[in-house]
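Asker: Residue numbers (this note's numbering), protein chains in the order written: chain R, 1 to 350; chain B, 1001 to 1227; chain Z, 2001 to 2107; chain P, 3001 to 3346.
Errors might be hidden in some of the hints.
Stretches of chain B that chain R covers, calculated by requiring three or more beta carbons in the stretch to come under 8 Å of a beta carbon on chain R [claimed, not checked]: (1) 1005-1019; (2) 1048-1062; (3) 1088-1094; (4) 1217-1224.
The hints are simulated quantities; they were obtained by calculation from the structure and are not laboratory data.
The beta-carbon is built from N, C-alpha and C at its ideal position, and this holds for glycine as well.
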Amino acid sequence: MAQLNWKSYQKEIPDDHFFYVRSCIRQTFFPGAETALLYVLREVLKKDVFEDKRHTTCTGIGFHSDVIPLETIMTVVARQLALMTEAGYKNLLVSCVTSFGIYLEILEMWKHFPEKLAQTREALWKATRREFEVPALLTHSSDAIFHFKEQILNKSQISLVNAESGQALKGVEHVGCHYAKIFPQDGIGGAEFPRVLSGLIEGWGGELIDYPERRHCCGFGFRHYLVRANRSYSISNSKIKFESMAPFEPEFILTNCPGCNMFLDRWQYTLSEMEGKTYDSRGLGIPVLSSEEMAGLMVGMDPWKLGLQMHQIAVEPLLDKMGVNYAPKAKYHLASSAVPLPQKPSVLLV
Amino acid sequence: MATISSRLKADIRFQDGLKACMNCGVCTAICPAAAYFDYDPREICQDVQSGDESILIGLLKGEQIWMCGQCLSCKTRCPRDNTPGYIIQVLRKISQEMGYFVHSRLGRQQLLLKRAIGHSILETGYCVHPKLIRPETHREQGPVWEWVMDNAKEVYEKCGSLYYEEGLGGMRKIDSDTLDEMHAIFQETGAFNLFDKIEQASEAKAAEMGLSFSDDDDNEYLREIQL
Amino acid sequence: MTKQYFGFSVLEQRSVNLDSEMPAELESLYQKEPSLRACIACGNCAAVCSAGHFAEMQFYRLNVMARRGLLHEMVGKAAACMLCGRCQMSCPRGVNIRHAVLMMSQL
Amino acid sequence: MTKQKVAIIGAGPAGLQSAVSLAELGYEVDLYEKKSRPGGHLAEWHVLFPDMQPAGELLDSLMQKVLAHPQIRLETGVNISGLEQAGKSWQLIQSDSVRGEADAVVLASGFKLFEASKKEEYGHGIYPAVISSAELETIFIREKEWPFEKTNKSPKIGLVHCVGSRDAKCGNLYCSKACCITAVKQAIELKKTFPASEVYCFYMDMRMFGLGYEELYHKAQLDYKVQFIRGRLSEASPSGAGRIQVKAEDTLMGRPLKLTLDMLVLMVGMTASVSPEVKENTVELKEYANKGEFVKIPGAVIGAAQWLKPGLFVAGACKGPATLPEVLNDARATALDLRNYLSGVL
Chain R
1 MAQLNWKSYQ KEIPDDHFFY VRSCIRQTFF PGAETALLYV LREVLKKDVF
51 EDKRHTTCTG IGFHSDVIPL ETIMTVVARQ LALMTEAGYK NLLVSCVTSF
101 GIYLEILEMW KHFPEKLAQT REALWKATRR EFEVPALLTH SSDAIFHFKE
151 QILNKSQISL VNAESGQALK GVEHVGCHYA KIFPQDGIGG AEFPRVLSGL
201 IEGWGGELID YPERRHCCGF GFRHYLVRAN RSYSISNSKI KFESMAPFEP
251 EFILTNCPGC NMFLDRWQYT LSEMEGKTYD SRGLGIPVLS SEEMAGLMVG
301 MDPWKLGLQM HQIAVEPLLD KMGVNYAPKA KYHLASSAVP LPQKPSVLLV
Chain B
1001 MATISSRLKA DIRFQDGLKA CMNCGVCTAI CPAAAYFDYD PREICQDVQS
1051 GDESILIGLL KGEQIWMCGQ CLSCKTRCPR DNTPGYIIQV LRKISQEMGY
1101 FVHSRLGRQQ LLLKRAIGHS ILETGYCVHP KLIRPETHRE QGPVWEWVMD
1151 NAKEVYEKCG SLYYEEGLGG MRKIDSDTLD EMHAIFQETG AFNLFDKIEQ
1201 ASEAKAAEMG LSFSDDDDNE YLREIQL
Chain Z
2001 MTKQYFGFSV LEQRSVNLDS EMPAELESLY QKEPSLRACI ACGNCAAVCS
2051 AGHFAEMQFY RLNVMARRGL LHEMVGKAAA CMLCGRCQMS CPRGVNIRHA
2101 VLMMSQL
Chain P
3001 MTKQKVAIIG AGPAGLQSAV SLAELGYEVD LYEKKSRPGG HLAEWHVLFP
3051 DMQPAGELLD SLMQKVLAHP QIRLETGVNI SGLEQAGKSW QLIQSDSVRG
3101 EADAVVLASG FKLFEASKKE EYGHGIYPAV ISSAELETIF IREKEWPFEK
3151 TNKSPKIGLV HCVGSRDAKC GNLYCSKACC ITAVKQAIEL KKTFPASEVY
3201 CFYMDMRMFG LGYEELYHKA QLDYKVQFIR GRLSEASPSG AGRIQVKAED
3251 TLMGRPLKLT LDMLVLMVGM TASVSPEVKE NTVELKEYAN KGEFVKIPGA
3301 VIGAAQWLKP GLFVAGACKG PATLPEVLND ARATALDLRN YLSGVL
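Pulled out of the complex, with its shape left as it was, chain R reads as follows:
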């Protein structure tokens, strides 16, 4: 896929000194992805990444479900920024794409409506006696991985190439909607042909596949997943994506959004139970990895410390192709006495 315009959407990504804020969804479903990000940045690349244990959710999921007012989320965001200011940092590193969108939107609103910034300063002061500066640079965790992709590749023994056949592995991307659709200039490559993941796939030796519904939402929809009766919307939109990518036979899906990662993984299972169908030829489904997880594998992290056993779709076929060195039997092994293995789905092979 030739990409014409992405070079005109370059954003500045700092080389060092990040203030890190976590993602609720990632901490819930893919804790290893955040562990991987910090390991890659701190241990492998020797970067300074600071975390304050007093930071909280940005309340973005509540905001987009309409139970958190705009003024509230602005002030919660301001509190995070106050912690950053207190710690002496200027570069915010955000793990979650919903949060990333929230920070971008709020900073933009403050720019256009300075009275809102003033109100927020006042509200934060009244509520917490804290003060804050707006960040110099806003970086999503996938931006950081994109920024350091060559260094990561240099430290890596493996790549996105079939270790046996030497063929590039075929990957599709799914970029979270709030990464660049709200503010194309703030995403690497813009909204239509984002480079943040396609650059990783190609930069690490894989073959990037474009598919018709690449830009379609995974279907999270906030209130649509959170209320059980509404989940039809969520699964049906993911299905649009699977049906659209399946004919191209991708070997993996790369994501940069914790929510998308979870939905694209889980809905393959649910669809297989509801409709008896999987989206690969062998009945295994298509593994879905985040950029952080992929970076973790690249630098040699153990897949089970990376939390890949928490995915419903089996990742082993991909690990085998990539030539990752891992212990298959250790997947569900825990230190305590032997625990039963997860039950097998009725359709999906694991």
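The hints should help you fit chains B, Z and P onto chain R, whose structure is shown.
Answerer: Same frame as chain R, now just chains B, Z and P:
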């Protein structure tokens, strides 16, 4: 009393979200909600642009404004720099402020969201956390999730998570001073006002529907709106 | 395989899919009333429609439904027409609407 | 007394017609063209709306008049980058040196086609099956191949109106005027070339303002069975085997619409070609770079002279989107204004 039009215009998201719609449909073309529901963001823009109070009340009481999934794909494409997704945010806000949300089936679900997400933020400092995703109400999460939950502490710790323990890291227990600050922010910025409005309108609706209502999860109204 | 129930379902898309095969009757409709093709969806027909006061009847939309291959939907809606012919007098493109509706409802 | 001299910048339809009209009025004319050949966009067009007259015929007839007239001197490959006023006369600057002098100047630099790849969501330049309306003309004049298999005699083709026009995202809020009728013309040509094809036009409003346009639209519907879908195209994406999936809303149905095509034609609008920067005694002719405005003539509506400043006239589509007849008439009118100026009436 302020008109709905003036309430809309007072919100900066509306000022930014609706400049002038020319009815082209690029938003609807790629809208995940329009793909499945009788929902059309272009028509919402036209309705709102009309400024007609009876049309606006219809929107606030209706199902449609609750169908948007807030992906904001519409923002990228609009040739007039409108954002239907922002207009929806403001319509939903006003629908809750004016108590109209209980008129629609989807609107009534706000009580569930307030109690799940709103309370979770205040109690834990997270919008969502593992204990909210109970396998019995989240069967779509699959058998691996069940296994994770059965062995949660060990699985999370293996992946470098604190799993509700105090400290510095993922899924840590957030300290009470921080939660107090969150409370103070909610108080200062009107979140509790919104919570109260959602509860009060829901309780009145429950009475109208002849259903029991209570603070805990064990009441007929809550069960009804889950369907 | 026993299909599991999760409390929600996979929905049918509402999108018009022009890749799907067009019904064979469609061509015969246009052969019977070629002026249908001249419609520019100006809405004059709907504005003056007698049936439109009581039913969801907008002739130009029937025509769009036909073109999108949604014949079932079209036939159902066409039944509301009272064949009064006011629309035909107002059509700027000279579509023979009365005859067209008649042909539509007979599909 | 030597004849008074007029310099014309740009030898497209506006420049050629200005040259002919001015020479017929008795002036010496220096006609400068930046490219290696005259004719502008007309030289790359197949047939003209609404009468399907070959574009080459019109260009040939203009060129014959230009070449036959002893008072017109045509120079190609000359890029005039600025003007300097010296007393009542004008010096034409080509890369810092004086290329010529004249008593009056006509700026007829025309328009640039909107660069289709800037409308990223349509994938022009990325997906070979997505081409611009100008590229379709070069296919019609057989300088380029069809982007689908030769054996495909029933291609599905979409034409998208308003590409780069009426679009705040591209910075162009204006309507480019000629694209709707061009789409109708091209749709008919496509149906003539491939009678078994399916041709869809995605429009927001059909702006059929010119004489014969509405009739052509009517004909496209009735005789050529071109389908018109009221909805702006939202995106194009690759759907395998070189085909393109497009999404729009069928706004008359109030539903999203999907369609897979063998070729997608983007009706690219007009943008400014030069943005003159006028100072006291100099005018810099800046190349248009994505953002910029058409040449603005103060008070044009109330019939004031079509000039930027006394002696510097502006003709044709560099003032804004225009159709060929409008451009030709404008060139004639500018010639009259110019004569009034040089004869001291204006």
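Asker: All hints are to be evaluated individually against the structure, with a verdict given for each.
Answerer: Going through the hints against the structure:
Check result for the stretch 1005-1019 of chain B against chain R: holds, 4 residues qualifying (beta carbon to beta carbon below 8 Å, three or more required). A count of 0 residues in the stretch 1048-1062 of chain B with a Cβ less than 8 Å from any Cβ of chain R is obtained; the coverage claim is therefore unmet, three being the minimum. Coverage of the stretch 1088-1094 of chain B by chain R holds in this model, with 3 residues showing a Cβ closer than 8 Å to a Cβ of that chain against a need of three. Figure legend: the stretch 1217-1224 of chain B, annotated as covered by chain R; annotation inconsistent (0 residues with Cβ-Cβ distances under 8 Å, at least 3 required).
Hint compliance for this structure: hints 2, 4 are broken, all remaining hints hold.
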